[in-house]
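S.K.: If you want the building blocks of each chain, they are given just below.
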Amino acid sequence: MSKLTKAEEEAQKNETVLRTTELDPKFKYEISKLPGAEKVNVCFQCGTCTADCPIARFDDFYRPRKLIRMTQLGLKERLLSDDVIWLCSTCFTCIDHCPQDVGIASIVRALRNLTVAHGHMPAGYVAQVSNILKTGYAYIISDMRLKKRQQKGLPPPPKANLKNIAKLFDITGFSKALEKVET
Amino acid sequence: MADLKYLFFLGCAIPYRLPSYEVSSRKVLQKLGVELVEMPEFNCCGFPLDPVNHDMMLTLAARNLYLAEQQNLEVMTLCNGCFGILNHVNKELKADKNVREKVNDYLREIGMEAKGTAVVKHLIHVLANDVGFEKIKAAATNQLDKLRVVQHSGCHVNRPKEYIGLEDPENPTILKKLIEATGAKCLNYLDEPECCGAPILGVNEQIPLQLTREKLGHVKAVGAQAMITVCPYCHIMYDLNQPRIERAFNEKYGIPVLHYPQLLGMSMGIPPEELALGDLRVNAAEVASICSQ
Ligand code: SF4
Ligand code: SF4
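Read top to bottom, the protein sequences are chains G and S. Here our numbering is used: the first residue of the first sequence is 1, the next is one more, and so on. Here our numbering is used: the first residue of the second sequence is 1, the next is one more, and so on.
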């Protein structure tokens with residue numbers, strides 16, 4: 001076996017070693033207060049969710065069981081900076097199959113929500129959020145498409161109430177959270 | 001005279017990418033005597049906001065539901081995503097006082113209050129349960145018995161089971177029965193309920209494309225002449241992205257993907273042009289010609 005370089009050794013250590021200083025024992029309680037994540041502590045790590053997760057079959061790092069374990073252990077910093085949490089495709093297979101009714105997809109959502117509250121949001125979501133604020137729709141429907149609709153005999157799509165939407169963004173505190181998001 | 005009437009929740013993805021789904025749905029529903037009332041002041045169902053801010057999703061969805069409650073009509077969606085969110089939030093508003101109070105604290109600021117008394121249905125529920133198989137079979141005078149297809153119902157029309165519970169998500173049969181009502185044969189294939197992966201397209205393209213490719217392979221293996229969808233997102237994956245998958249993996253599928261109302265429409269003798277069959281990315285001319293035999 002070839003000898004590892006110092007840098008490689010260091011990298012391996014960082015990957016595999018859990019430092020107790022890295023653990024936030026309160027994190028599981030913080031998460032369990034978020035809607036849908038109440039049962040994070042009853043997960044007994046059977047692995048059914050990972051076994052049945054379509055994303056886990058095609059990604060080497062996305063493992064719902066592991067996300068729950070990391071949450072239970074309190075690996076807050078790692079979880080909230082890990083892009084892997086954005087890979088859940090919300091198929092809800094794990095919710096339907098979990099013997100403990102943990103609601104994994106809702107816990108992943110809670111982790112994502114918290115990540116956004118800490119100022120990180122993937123670009124795709126930034127675009128959709130801004131579209132909703134601007135038009136009420138998740139996508140901008142161009143004039144050309146509107147004209148084509150007309151030609152096909154379709155009625156114009158309903159007009160969203162943008163004032164209402166802007167107000168809801170403000171009072172739910174979402175506008176404030178968005179100010180913190182780095183793009 | 002129309003005997004069934006719904007508030008039509010169009011959503012964002014259909015007017016943006018797939019007018020063919022709307023055109024064909026409106027056409028067959030009109031012929032079946034179903035009246036659609038346009039939804040006033042609709043906004044996005046809320047689904048895209050759930051990952052970033054759950055409260056914001058709840059509030060946007062509840063705003064739509066309040067408008068529906070005012071109209072006193074059941075809501076019908078064509079999109080699995082819209083159905084999933086609106087149905088879920090509606091049930092949560094009704095059953096969970098805390099959620100109701102939290103959401104209405106927000107909504108009251110814009111003069112609204114949602115009670116969770118709406119009824120939300122997807123197109124396939126309207127067809128199967130309200131219009132009914134008998135009426136559909138009677139309307140499907142041009143039985144498509146030379147056609148072999150497969151179904152793909154998608155996830156959010158069935159999962160999570162606790163909130164929907166209309167059929168077994170592991171073995172969904174509503175769409176299958178609707179397909180069989182047209183006379184077409186609905187073949188079984190491997191991993192039928194598997195997800196299309198579309199919700200993460202904006203974050204990672206490789207995984208959804210691989211999921212889609214895998215399903216196209218399973219569909220091809222059973223010799224289906226077409227695949228039938230009832231969700232714009234699934235449709236985008238299997239139809240619009242099919243040529244991309246063929247290029248990326250250097251494979252050939254050539255599987256036409258039809259919106260269910262397009263299939264139903266052909267069995268009702270509606271000409272393919274009126275069902276926007278030409279809008280599909282994968283050419284469906286051969287399917288149309290089999291259907292007209
Ligand atoms: S299926 Fe449920 S109990 Fe089992 S590992 Fe996943 S979350 Fe935990
Ligand atoms: S909801 Fe997310 S975590 Fe659960 S099975 Fe589907 S993709 Fe995997």
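No lab work stands behind these hints, which were simulated from the structure alone. Hints may contain errors.
Unchecked claim - Partner residues are not named here, just some residues of chain S that face chain G (Cβ under 7 Å, in silico):
(1) P15
(2) P19
(3) N53
(4) Y106
(5) E109
(6) I110
(7) E113
(8) Y163
(9) G165
(10) L166
(11) D168
(12) P169
(13) I200
(14) F249
(15) Y253
Unchecked claim - Listed next, with one range per pair, are the computed distances between beta-carbon atoms:
(16) S:N171 x G:T21: 35 to 41 Å
(17) G:D143 x S:K5: 42 to 48 Å
(18) G:T5 x S:V222: 49 to 55 Å
(19) G:K148 x S:D145: 30 to 36 Å
(20) G:K3 x S:G254: 52 to 58 Å
(21) G:R19 x S:G254: 39 to 45 Å
(22) G:L133 x S:K137: 42 to 48 Å
(23) G:S175 x S:G278: 40 to 46 Å
(24) G:K147 x S:D3: 30 to 36 Å
(25) G:K176 x S:D3: 46 to 52 Å
(26) S:E273 x G:D101: 46 to 52 Å
Claimed, not checked - Sample of chain S residues with no beta-carbon within 12 Å of chain G, all distances over it, derived:
(27) I136
(28) L187
(29) Y189
(30) N204
(31) P272
Remember, it's a predicted structure, so these values are computed and weren't measured experimentally. Each residue gets a CB set at the ideal place from its N, CA and C atoms; glycine is no exception.
S.K.: Decide, hint by hint, whether the structure agrees.
M.R.: Status of the hints after comparison with the structure:
{"no.": "1", "hint": "P15", "result": "holds, 5 Å"}
{"no.": "2", "hint": "P19", "result": "holds, 6 Å"}
{"no.": "3", "hint": "N53", "result": "holds, 5 Å"}
{"no.": "4", "hint": "Y106", "result": "holds, 5 Å"}
{"no.": "5", "hint": "E109", "result": "holds, 5 Å"}
{"no.": "6", "hint": "I110", "result": "holds, 5 Å"}
{"no.": "7", "hint": "E113", "result": "violated, 14 Å"}
{"no.": "8", "hint": "Y163", "result": "violated, 9 Å"}
{"no.": "9", "hint": "G165", "result": "violated, 11 Å"}
{"no.": "10", "hint": "L166", "result": "violated, 14 Å"}
{"no.": "11", "hint": "D168", "result": "violated, 10 Å"}
{"no.": "12", "hint": "P169", "result": "holds, 6 Å"}
{"no.": "13", "hint": "I200", "result": "holds, 5 Å"}
{"no.": "14", "hint": "F249", "result": "violated, 13 Å"}
{"no.": "15", "hint": "Y253", "result": "violated, 18 Å"}
{"no.": "16", "hint": "S:N171 x G:T21: 35 to 41 Å", "result": "violated, 49 Å"}
{"no.": "17", "hint": "G:D143 x S:K5: 42 to 48 Å", "result": "violated, 31 Å"}
{"no.": "18", "hint": "G:T5 x S:V222: 49 to 55 Å", "result": "holds, 52 Å"}
{"no.": "19", "hint": "G:K148 x S:D145: 30 to 36 Å", "result": "holds, 35 Å"}
{"no.": "20", "hint": "G:K3 x S:G254: 52 to 58 Å", "result": "holds, 53 Å"}
{"no.": "21", "hint": "G:R19 x S:G254: 39 to 45 Å", "result": "violated, 54 Å"}
{"no.": "22", "hint": "G:L133 x S:K137: 42 to 48 Å", "result": "holds, 46 Å"}
{"no.": "23", "hint": "G:S175 x S:G278: 40 to 46 Å", "result": "holds, 43 Å"}
{"no.": "24", "hint": "G:K147 x S:D3: 30 to 36 Å", "result": "holds, 34 Å"}
{"no.": "25", "hint": "G:K176 x S:D3: 46 to 52 Å", "result": "holds, 49 Å"}
{"no.": "26", "hint": "S:E273 x G:D101: 46 to 52 Å", "result": "holds, 50 Å"}
{"no.": "27", "hint": "I136", "result": "holds, 24 Å"}
{"no.": "28", "hint": "L187", "result": "holds, 21 Å"}
{"no.": "29", "hint": "Y189", "result": "holds, 16 Å"}
{"no.": "30", "hint": "N204", "result": "violated, 6 Å"}
{"no.": "31", "hint": "P272", "result": "holds, 14 Å"}
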